[in-house]
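Novice: Here is what each chain is made of, one letter per residue.
Protein chains: 2
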Amino acid sequence: MERLVLLSPAEQKLRLDKVRAAMAQRGIKSGLVSSNPNIYYLTGRVFSGYIYLPPDDSEPIYLIKRPVHLLADRTISIRKPEGVLSELKIRNWPLPEALGLELGRLTYNMADRLMAAFLPDGTKALDLSRCLDEARATKTPHEINLMKVSGAKHERVYRKIPQLFMPGMSDIELQIEIERVSRLEGCLGQFRIAGEDMEIHMGNVLAGDNADAPSPYDFAMGGAGMDPSLPVGANGTLIRTGMTVMVDMNGDFTGYMTDMTRTFALGEIAEKAHQAHQLSIDICSTLAKMGVPGVEAKVLYEKAEQMVTEAGLTDYFMGHRQHAGFIGHGVGIEINELPVIAPRSRDILAVGNAIALEPKFVIPGTGAVGIENTYIVTPTGMECITKAPQELVQLQK
Amino acid sequence: MERLVLLSPAEQKLRLDKVRAAMAQRGIKSGLVSSNPNIYYLTGRVFSGYIYLPPDDSEPIYLIKRPVHLLADRTISIRKPEGVLSELKIRNWPLPEALGLELGRLTYNMADRLMAAFLPDGTKALDLSRCLDEARATKTPHEINLMKVSGAKHERVYRKIPQLFMPGMSDIELQIEIERVSRLEGCLGQFRIAGEDMEIHMGNVLAGDNADAPSPYDFAMGGAGMDPSLPVGANGTLIRTGMTVMVDMNGDFTGYMTDMTRTFALGEIAEKAHQAHQLSIDICSTLAKMGVPGVEAKVLYEKAEQMVTEAGLTDYFMGHRQHAGFIGHGVGIEINELPVIAPRSRDILAVGNAIALEPKFVIPGTGAVGIENTYIVTPTGMECITKAPQELVQLQK
Numbered sequence: 000m001e002r003l004v005l006l007s008p009a010e011q012k013l014r015l016d017k018v019r020a021a022m023a024q025r026g027i028k029s030g031l032v033s034s035n036p037n038i039y040y041l042t043g044r045v046f047s048g049y050i051y052l053p054p055d056d057s058e059p060i061y062l063i064k065r066p067v068h069l070l071a072d073r074t075i076s077i078r079k080p081e082g083v084l085s086e087l088k089i090r091n092w093p094l095p096e097a098l099g100l101e102l103g104r105l106t107y108n109m110a111d112r113l114m115a116a117f118l119p120d121g122t123k124a125l126d127l128s129r130c131l132d133e134a135r136a137t138k139t140p141h142e143i144n145l146m147k148v149s150g151a152k153h154e155r156v157y158r159k160i161p162q163l164f165m166p167g168m169s170d171i172e173l174q175i176e177i178e179r180v181s182r183l184e185g186c187l188g189q190f191r192i193a194g195e196d197m198e199i200h201m202g203n204v205l206a207g208d209n210a211d212a213p214s215p216y217d218f219a220m221g222g223a224g225m226d227p228s229l230p231v232g233a234n235g236t237l238i239r240t241g242m243t244v245m246v247d248m249n250g251d252f253t254g255y256m257t258d259m260t261r262t263f264a265l266g267e268i269a270e271k272a273h274q275a276h277q278l279s280i281d282i283c284s285t286l287a288k289m290g291v292p293g294v295e296a297k298v299l300y301e302k303a304e305q306m307v308t309e310a311g312l313t314d315y316f317m318g319h320r321q322h323a324g325f326i327g328h329g330v331g332i333e334i335n336e337l338p339v340i341a342p343r344s345r346d347i348l349a350v351g352n353a354i355a356l357e358p359k360f361v362i363p364g365t366g367a368v369g370i371e372n373t374y375i376v377t378p379t380g381m382e383c384i385t386k387a388p389q390e391l392v393q394l395q396k
Numbered sequence: 000m001e002r003l004v005l006l007s008p009a010e011q012k013l014r015l016d017k018v019r020a021a022m023a024q025r026g027i028k029s030g031l032v033s034s035n036p037n038i039y040y041l042t043g044r045v046f047s048g049y050i051y052l053p054p055d056d057s058e059p060i061y062l063i064k065r066p067v068h069l070l071a072d073r074t075i076s077i078r079k080p081e082g083v084l085s086e087l088k089i090r091n092w093p094l095p096e097a098l099g100l101e102l103g104r105l106t107y108n109m110a111d112r113l114m115a116a117f118l119p120d121g122t123k124a125l126d127l128s129r130c131l132d133e134a135r136a137t138k139t140p141h142e143i144n145l146m147k148v149s150g151a152k153h154e155r156v157y158r159k160i161p162q163l164f165m166p167g168m169s170d171i172e173l174q175i176e177i178e179r180v181s182r183l184e185g186c187l188g189q190f191r192i193a194g195e196d197m198e199i200h201m202g203n204v205l206a207g208d209n210a211d212a213p214s215p216y217d218f219a220m221g222g223a224g225m226d227p228s229l230p231v232g233a234n235g236t237l238i239r240t241g242m243t244v245m246v247d248m249n250g251d252f253t254g255y256m257t258d259m260t261r262t263f264a265l266g267e268i269a270e271k272a273h274q275a276h277q278l279s280i281d282i283c284s285t286l287a288k289m290g291v292p293g294v295e296a297k298v299l300y301e302k303a304e305q306m307v308t309e310a311g312l313t314d315y316f317m318g319h320r321q322h323a324g325f326i327g328h329g330v331g332i333e334i335n336e337l338p339v340i341a342p343r344s345r346d347i348l349a350v351g352n353a354i355a356l357e358p359k360f361v362i363p364g365t366g367a368v369g370i371e372n373t374y375i376v377t378p379t380g381m382e383c384i385t386k387a388p389q390e391l392v393q394l395q396k
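Those protein sequences? They're chains P and L, same order as listed.
Number 88 in numbering that gives the first Met the number 0 belongs to position 89 of the first sequence; there are no gaps in the numbering.
Number 222 in numbering that gives the first Met the number 0 belongs to position 223 of the second sequence; there are no gaps in the numbering.
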């Protein structure tokens, strides 16, 4: 038999306490955790089933579909959610009260089915999603360590990129070599995105004007993609002199992702592109100093916008034909966590936030420029954990 | 401006007619299509927004969030679903009646929000999910062509596998080289799976006894994976003499996927493994002949089970420590479509079904054996579109 919970008891308690505190604020007394990212968050592994958080603040009860060999203090082996209530009764374990479900992740049909199975009196479930999002927004020291491991491996991959380039390559050919090196370095490939609307494979390599092709997805940058079934990223552009190549590839080496972008150039590129790239670096270092606990996320956005306006580069900021509405986002198990660094964000920075800042520009005729780093919010500011060289790097020496 | 609908009018009509017919059977008069796979199905591209199918059977109305430059006969540019009703009224376009939503795909919160926005009288939406699933289960000739293109490229990748193997390789190292060759052949990487519970990166390479490690996902085979955050597939097993290596990798080269598995061996392997592999080939060819329109899916399952029982290989069929409950499944835009080839399936085969059959075995001490092919149901039986050699192939000549 294999132990179900891979976190230490102290680590699991840290996480559960945060979730419970967020539940208490919303009057949610019990919860059913059902999504892979949140099951992973609370146990350190993905399994098929549910984590039931009983109303008496006692230990979680694990409702396990698959795999069948996992061991924990309180488990019920289930095939489907119907019947769990009577299993709880048989064992004299606490029944749900003011139950929260992941209504922001569960499908309507499944939420409906879980409500019928767990709340036979016809009451509605409360929404547990935000409690988990908020708990996950501040990382524990153990989670920060995993992110730093990802950041270091991510950096090793990016340092190899100039060696992977060969003259005559297209954007997708370069991307495929980066994917391979990244996988050999231990990248799990999995790119977890909250919400069903966003799709991408391993990340984004944008060469030249393809950076200006608008995509349907809510990423900072677009790109036409290789096929209309997945219209984002590399589109087969031949990498030519005078172009930039922006690389924003998967940093999931540990279950926790770092997000890092670097920009490469082939030969001489336009002066405006150099200027915008340097501004991106400057914005990141300015915001990193400002980003102390208690600062409003939107204040960081406003500062970036102000720096861009002063430089006269507004038309190119966060896209040219289509503009993204944010410059940064939380990151961890998924690529889009709290806090959001956007004009209308109500988030406030806190110790342990992991934030990717990505002030990027699209310069027509040249391509995308700018950088992205992942930072951890500390009492004195934001610590960068993605340390590849930030300046524009020549693909050919 | 770029045309939104990439399908020919005749092709789009074929698909819409099938969806409309399935809606009529359920009393659904209008629909809102919201998920990427279904938006792609009805237009030939992914965009962010909704396809509104009005109650009068007239042309679709496209509600577009992103990208902003798409052109179609009837479009409304939207930022959010609230307010669409008044936009419809202004244009004198038909309002929703007996509205269907994708309740099997939308999150509870989003379905709730769409109901409030589109059904202000408080009526509940009907479930459109199954209508789209059923329409997509029988492919049009155009879709079958895309699947055949994927099948041919998939085959070219698999034929290269023995050249990619080098002595001393682990399963994941071999997988990474297959991923690279596959991507260079045009594989989009994207591996669309319906439902949020299943995750995998580019497919599954299982060496030796790792094939017997149960995973949480509802795939035919498991594998421990490289990390508990993604516990499926290759786990770093060194490929040794006497082992089999089962390869089941991503066949999405066109937006439509083929599903194909082949098994490789290093040196001599156990006689029972040879026997089970041959039985898998025999089951596939027997079922392919039986699989004419009108046959019940469960009858195919029963035939496979009977052949396995007669051979005395039941203990190893579809897993050893943990058994999968199906031997085949529909495939197309997603890897898990209708029909399902399982004991309790109510599906009945029809012309145009694309079905992956995967009768597989796990032989302790050796590994997984068997094959998987994708077939198109024709009036005279199932046509195989994944044509790599089926026999056990030696990794080293």
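Calculated from the structure, these hints are not laboratory results.
Being a predicted model, the structure only gives us computed values, none of them experimental.
Warning: the hint list may mix true and false statements.
Label pairs and their calculated CB-CB ranges [unchecked claim]:
id, chain 1, residue 1, chain 2, residue 2, range
1, P, P363, L, A116, 34 to 40 angstroms
2, L, G324, P, A20, 39 to 45 angstroms
3, L, M289, P, A20, 57 to 63 angstroms
4, L, T139, P, V67, 38 to 44 angstroms
5, P, R112, L, G324, 35 to 41 angstroms
6, P, A97, L, D111, 53 to 59 angstroms
7, L, E295, P, E10, 48 to 54 angstroms
8, L, T377, P, A116, 40 to 46 angstroms
9, L, L94, P, L94, 55 to 61 angstroms
Below are the DSBU-like pairs computed for lysine-lysine, each with C-alpha atoms no more than 35 angstroms apart in a straight line [unchecked claim]:
id, chain 1, residue 1, chain 2, residue 2
10, L, K159, P, K297
11, L, K159, P, K79
12, L, K159, P, K302
13, P, K159, L, K79
14, P, K123, L, K302
15, P, K64, L, K64
Cβ coordinates follow ideal geometry from the N, Cα and C atoms, glycine included.
Novice: If a hint holds in the structure, say so; if it doesn't, say that too.
Specialist: Hints versus structure:
{"no.": "1", "hint": "P:P363 to L:A116: 34 to 40 angstroms", "in the structure": "37 angstroms, holds"}
{"no.": "2", "hint": "L:G324 to P:A20: 39 to 45 angstroms", "in the structure": "40 angstroms, holds"}
{"no.": "3", "hint": "L:M289 to P:A20: 57 to 63 angstroms", "in the structure": "59 angstroms, holds"}
{"no.": "4", "hint": "L:T139 to P:V67: 38 to 44 angstroms", "in the structure": "41 angstroms, holds"}
{"no.": "5", "hint": "P:R112 to L:G324: 35 to 41 angstroms", "in the structure": "19 angstroms, violated"}
{"no.": "6", "hint": "P:A97 to L:D111: 53 to 59 angstroms", "in the structure": "19 angstroms, violated"}
{"no.": "7", "hint": "L:E295 to P:E10: 48 to 54 angstroms", "in the structure": "51 angstroms, holds"}
{"no.": "8", "hint": "L:T377 to P:A116: 40 to 46 angstroms", "in the structure": "42 angstroms, holds"}
{"no.": "9", "hint": "L:L94 to P:L94: 55 to 61 angstroms", "in the structure": "44 angstroms, violated"}
{"no.": "10", "hint": "L:K159 to P:K297", "in the structure": "52 angstroms, violated"}
{"no.": "11", "hint": "L:K159 to P:K79", "in the structure": "42 angstroms, violated"}
{"no.": "12", "hint": "L:K159 to P:K302", "in the structure": "53 angstroms, violated"}
{"no.": "13", "hint": "P:K159 to L:K79", "in the structure": "42 angstroms, violated"}
{"no.": "14", "hint": "P:K123 to L:K302", "in the structure": "45 angstroms, violated"}
{"no.": "15", "hint": "P:K64 to L:K64", "in the structure": "38 angstroms, violated"}
The structure fails to meet hints 5, 6, 9, 10, 11, 12, 13, 14 and 15 from the earlier list, while all remaining hints are met.
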